[in-house]
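J.: Listed below, chain by chain, are the residues.
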Amino acid sequence: MSDRTNRHTLERNLISRPQAVIAAEQKRHDHARVRGLTAIFTVLVVGGGLAAFVVFGPLFRGQIALQAILVGIVFGAPFLASFIMMLRVPPPPFEASGDARREMDQKQVQWRIALLTQVFVLSLCAAETFWLWPRLARVLGWISALISLLPVVFIVFLVISSLYMNPSWLNPDLRRFLDDEVTRSFRARAQRLGYLLMMFVLLGFCLLARISAQAAAQFMPLGLALGAALPILYFVYLDWQADRGG
Amino acid sequence: MVERRLENRLKEIRGARGLTQADLADMVGVSRKTINTVENSVFVPSTLLALTLAEALKLNVEEIFTLERR
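For the protein sequence lines, the chains are A and B, in the order given.
Under this note's numbering, the first residue of the first sequence is numbered 313, with each subsequent residue one higher.
Under this note's numbering, the first residue of the second sequence is numbered 4, with each subsequent residue one higher.
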C-alpha cells in the first residue's frame, strides 16, 4: 500500500470514525424516544387488554366471536409492538466498539426480558382462555379456529425470536458478535430441553388420547405453549447467570 | 475413562495485567459474557477462542488452559 493510500486511510479513520460515532449517538438518542413510546404503548396495550378482557369478557359470554376478537387484540398488539420495538432499535456502528458494544450487550438483555415478559403474559392468557378454542372451532368453523390458535402461534414465534434474534438483527457484524459461542451453546442446551419436554408432552397427550380424545385435543394448545415457553425461560436464565459477576 | 476438566488461569492473568473483563473482551472481539463464563469454567471455549485468547495475551495456550484430572 502506498504512503498516499496510507495517509488517506488514516485521515478517513481520524475524521469519519468519530463522526460516525457521533452520528450513531445522535441516532440512538433520537430513537430512544421512539423506544420509550413503544414500551409505554406495549404496557398500555397489555395492561389495557388484560383489564378489558377481565371487565368486558363476561359481558360477551354468549358471543364467542367478540370474545375471540378481544383475545386477538390482547395477544396481537403486544406482539406487533415488540417486533416494531426490535426493528426500531438502531444498531451502533460495529467499528465504534467498546462502549457501544457493551451498550448493545445490555440492550440484548433488556430485549430478552421484554420478550420473556410477553411470553409470560401470553402463556397466562393462553392458560386462561384455552377452553375457548375448541368451542370456537365447533361454532365458527376452521378459519376462526385457526385464528383462535394465534396466541399459541405468537408464543412459538416469540420463543424463536428470543432464541435466534437480537436487537441488532439488522446489522450483520453485531448479529455475529452477539451470537457468540456462549450464546450458541446456551441455545443448544435450551433446544435440548425443549426437545425432551416436547417428547414428554407428546407422550402425555398420547396417553390422554387413549382415555379421552376430546380432552387431549383440548389441552394440546396449552401443552404446545408450555413446551415452547419453558426452554426460553431456561435460555434467559442461563444468559442472565452468565452475565452475573465479573 | 478418567474424567478430565479444563482449568484456566484467565482471571489471574487478566487481574495481573490490570485488565477488566470488558477490556479483554474488546481485545479478543467477544462479549464480556464470554470472558466471564470462561473464567468461571461455566463454558469450555472452542480451540479457536482459546488460541485467540492466548494470542491476545501473548502467551501459549497451555499457560492459560490446563487439563486437570479428577
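Wrong hints could be hidden among the right ones.
As the list claims (entries may be wrong) - Here are a few chain B residues that face chain A, going by a calculated C-beta distance under 8 Å:
1. Ser34
2. Thr37
3. Val45
4. Ala53
To be verified - With beta-carbon atoms standing in for the labels, derived distance ranges:
5. B:Leu54 - A:Leu514: 39 to 45 Å
6. B:Arg7 - A:Gln526: 29 to 35 Å
7. B:Thr50 - A:Ser524: 51 to 57 Å
8. B:Glu66 - A:Arg501: 28 to 34 Å
9. A:Leu519 - B:Ala59: 52 to 58 Å
10. A:Leu515 - B:Ala19: 49 to 55 Å
11. A:Cys518 - B:Leu51: 39 to 45 Å
12. B:Ala59 - A:Ile472: 46 to 52 Å
13. A:Gln503 - B:Arg12: 29 to 35 Å
14. A:Tyr549 - B:Glu15: 25 to 31 Å
15. B:Met30 - A:Gln530: 16 to 22 Å
16. A:Arg556 - B:Ala57: 34 to 40 Å
Please keep in mind that the hints were generated in silico from the structure rather than gathered at the bench.
Backbone N, C-alpha and C fix where the C-beta goes; we use that ideal spot for every residue, glycine too.
J.: The structure should be examined with respect to each hint, and the outcome stated for every one.
T.: Quick rundown of the hints versus the structure:
Residue-level restraint check for Ser34 of chain B holds (minimum Cβ-Cβ distance to chain A is 5 Å; threshold 8 Å). Interface restraint check for Thr37 of chain B: the shortest CB-CB distance to chain A comes to about 5 Å, inside 8 Å, so the restraint holds. Given the 8 Å rule on beta carbons, the hint for Val45 of chain B holds: about 6 Å separates it from the nearest Cβ of chain A. Hint status for Ala53 of chain B relative to chain A: violated, with the closest Cβ pair at about 11 Å, above 8 Å.
Checking the proposed 39 to 45 Å range against Leu54 of chain B and Leu514 of chain A shows it holds: the Cβ atoms sit about 43 Å from each other. Look at Arg7 of chain B against Gln526 of chain A: about 54 Å separates their beta carbons, and that is not inside 29 to 35 Å. Here the CB-CB span from Thr50 of chain B to Ser524 of chain A is close to 54 Å, well matched to the stated 51 to 57 Å. Judged by the Cβ atoms, the range 28 to 34 Å given for Glu66 of chain B and Arg501 of chain A holds: they are separated by roughly 30 Å.
Range check, Leu519 of chain A to Ala59 of chain B: Cβ separation about 55 Å, and the 52 to 58 Å hint holds. Separation of Leu515 of chain A from Ala19 of chain B is about 53 Å and conforms to the stated range, judged on CB atoms against 49 to 55 Å. The hint said 39 to 45 Å for the Cβ distance between Cys518 of chain A and Leu51 of chain B, and at roughly 43 Å that hint holds. Checked against the given bound of 46 to 52 Å, the beta carbons of Ala59 of chain B and Ile472 of chain A, roughly 34 Å apart, lie outside it.
Taking the beta carbon of each, Gln503 of chain A and Arg12 of chain B are about 32 Å apart, inside 29 to 35 Å as hinted. For the pair Tyr549 of chain A and Glu15 of chain B, the supplied restraint of 25 to 31 Å holds, since their beta-carbon distance comes to about 28 Å. Between Met30 of chain B and Gln530 of chain A the C-beta distance comes to about 56 Å, which lies outside the given range of 16 to 22 Å. Judged by the Cβ atoms, the range 34 to 40 Å given for Arg556 of chain A and Ala57 of chain B is violated: they are separated by roughly 26 Å.
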